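There are 2 protein chains.
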Amino acid sequence: MECPDVRIAAVGTALPGPVVDNATLMRRFGLAPVWEQWIDAFVGTRSRHLAVDLDTGEIVHSLADIAESAARVAMERAGVTAADVDMMVMGSATPDDLMPATVNCVADRLGVNDVPTYQLLSGCTGAYQALDIAVGALTSGQRRTALVLGGDTCARFLDLDMDLEHAPPDLQVNVMLFGDGAGAAVLTTEPVPSAPVLRTVFHRMVGLGRSPGQVVRWRGAIPSDEPVASEDFKAIEEHAPDMAAQALAELLERLGWKPVDLDYIMPPQLSGQMTRRVADRLGVPGAEEINVVEEIANTANALPFFLLERLLPLMQPGERAAGVSLEASKWIKAGYALELT
Amino acid sequence: MECPDVRIAAVGTALPGPVVDNATLMRRFGLAPVWEQWIDAFVGTRSRHLAVDLDTGEIVHSLADIAESAARVAMERAGVTAADVDMMVMGSATPDDLMPATVNCVADRLGVNDVPTYQLLSGCTGAYQALDIAVGALTSGQRRTALVLGGDTCARFLDLDMDLEHAPPDLQVNVMLFGDGAGAAVLTTEPVPSAPVLRTVFHRMVGLGRSPGQVVRWRGAIPSDEPVASEDFKAIEEHAPDMAAQALAELLERLGWKPVDLDYIMPPQLSGQMTRRVADRLGVPGAEEINVVEEIANTANALPFFLLERLLPLMQPGERAAGVSLEASKWIKAGYALELT
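Quick mapping for you: the protein sequence lines, in order, are chains D and A.
Oh and the first sequence: position 144 is 144 in our numbering, straight run, nothing missing.
Oh and the second sequence: position 65 is 406 in our numbering, straight run, nothing missing.
Bound conformation, chain D alone:
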């Protein structure tokens, strides 16, 4: 039994609301213009979109809203209907609810039914994990068309009334670092010649004995004074470049590819600054770099889809692309590779 190739037939993305640049964001928190320069210099993220209305504080887009939009774009571009989709996988660290899973609400809106669905609770490597599950089912011949989704909204963590100027530094950085968005990809075993083949995808937890680099907490009915989110930026800065380089090296080794074989590289999109540092460490100067983080900020589970959306129209027959991603949560590294045959 020969395993069929899995191809990315099309990708779609969605961003909520208008562009929110650093000046607008800082003004909303009553901060002086000097902060804007600080963000440019140390974070390197220029703008983002948010699911919350900055004027009213109202959450105006759910994750299901933007995931549905992204999925509709991907499905239309791929020329598939709800009846063609025979599995769905979604990654998010900020699902709309604990139950029902957001993937199932999106399925309902799209008219997808009677198929296996999976909701992954995941961070920046979530899209890779979701792709992996879809590839497994497609390769085995069990499924033919998978709709893979990823998205996050930080709306429920963005306390617009907080005193940002006097907040702890990691909370300040969080407000600037993250953005909201969703992405979707249609994966198929149909031999669509214009669709790149997904050559391999992997992700592995490598956090044995290490403290989490990123913690995001949820609350139920019981009040809690614990901070809702915290990051260890020192640890992230220290480990991210090496982890990314290891992920890329492993990816190339799996495929027997050399660095010079890569035409495109999609580095981790932590922040504008961090992405530049990590990309330098990857050592593939011949590959065209695809980045989106400076414009849309870190949209976590959605980001790989935004990168793919830029990549797909660029790829020419015979070209190869690689993506690598990291998750500071409990330290996960991930990679995947595409080839247009």
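Just so you know, the hints here were simulated from the structure itself, not pulled from any lab data.
Some hints could be false.
Label pairs and their in silico Cβ distance ranges [stated by the list, open to error]:
| hint | chain 1 | residue 1 | chain 2 | residue 2 | range |
| --- | --- | --- | --- | --- | --- |
| 1 | D | Arg27 | A | Ala508 | 42 to 50 Å |
| 2 | D | Pro168 | A | Gly371 | 36 to 44 Å |
| 3 | A | Gly371 | D | Asp53 | 37 to 45 Å |
| 4 | A | Arg551 | D | Pro4 | 29 to 37 Å |
| 5 | D | Glu238 | A | Thr397 | 38 to 46 Å |
Looking from chain D toward chain A, a few residues come up when the C-beta cut is under 10 Å (computed) [what the hints assert, rightly or not]:
| hint | residue |
| --- | --- |
| 6 | Gly57 |
| 7 | Gly111 |
| 8 | Arg204 |
| 9 | Leu208 |
| 10 | Pro259 |
| 11 | Asp261 |
Bear in mind that the values here come from a model prediction, so they are computed numbers and not experimental data.
We treat Cβ as the ideally placed atom computed from N, Cα and C, and that holds for glycine.
Given the structure of chain D, go ahead and fit chain A onto it with the hints provided.
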């Protein structure tokens, strides 16, 4: 390429704290003894274990705590060490945090590292979804030993200070219906003769156009007045028996088994009452019924492991068992079958 059989090498479970019977629970909320009879008659659940200390209100067990305990039991029974485990999948509707995923914290505690891990956000069919992902990776030959986990704790939703007597009925029922627990299974492609072969596993979302039957909400930094949980018990009562019967019929059809071929049946464990009603509808009077819900209540993602733990010592060579499960969230049905060869 012949796909290897996947076997359940061993199962382990863990329950937090002491047995909490209905009298104890009702006393804690200041309710009259008549409530106990009401629970016996209409819920049919006699006791449960809770991750919260009923005297102090303190949450004394995290999900990672009990999942670790369950995993250690399963691994010891299977005779595998952390180094043998080459993937982990966990299902839960109540992960300890949104990030890091609980599965990765459990991996760290067990000494499992450098393997793919998946955290599913799932309800009562979560164990089936997790088994499905593990079976896919094992069948493809990519992995040899999977540690599959499921667990839930309702601690963060159990407001011990609430006025239960005057609470809405679905909140009252919730307090009696759910219990805390975790389970784990070691799956292997080694031809261990004493371990039953997992013949098939499936799960499908079938909620197109239907309102969710169970909603569980989480909160971030922003306060909210929305109820944290709500159930549509009428809809669950109406749909559960048919959905379970359909799941069993589909399972048998996939395998070419007849109802009389089944030696054991593991029905959905919604509550003592509902399980009895659903089991009657399944129409397999010749199969021995395995139930745990009356003793440990509905432990959601953990439940299938408690059933398996009872089943495994009973199974004789040549015997067959089936499990079916439902999730009211956005309506999912699931089934799996075991055979001891």
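- Item | Unsatisfied constraints (hint numbers, rising) | Violated: hints 10, 11.
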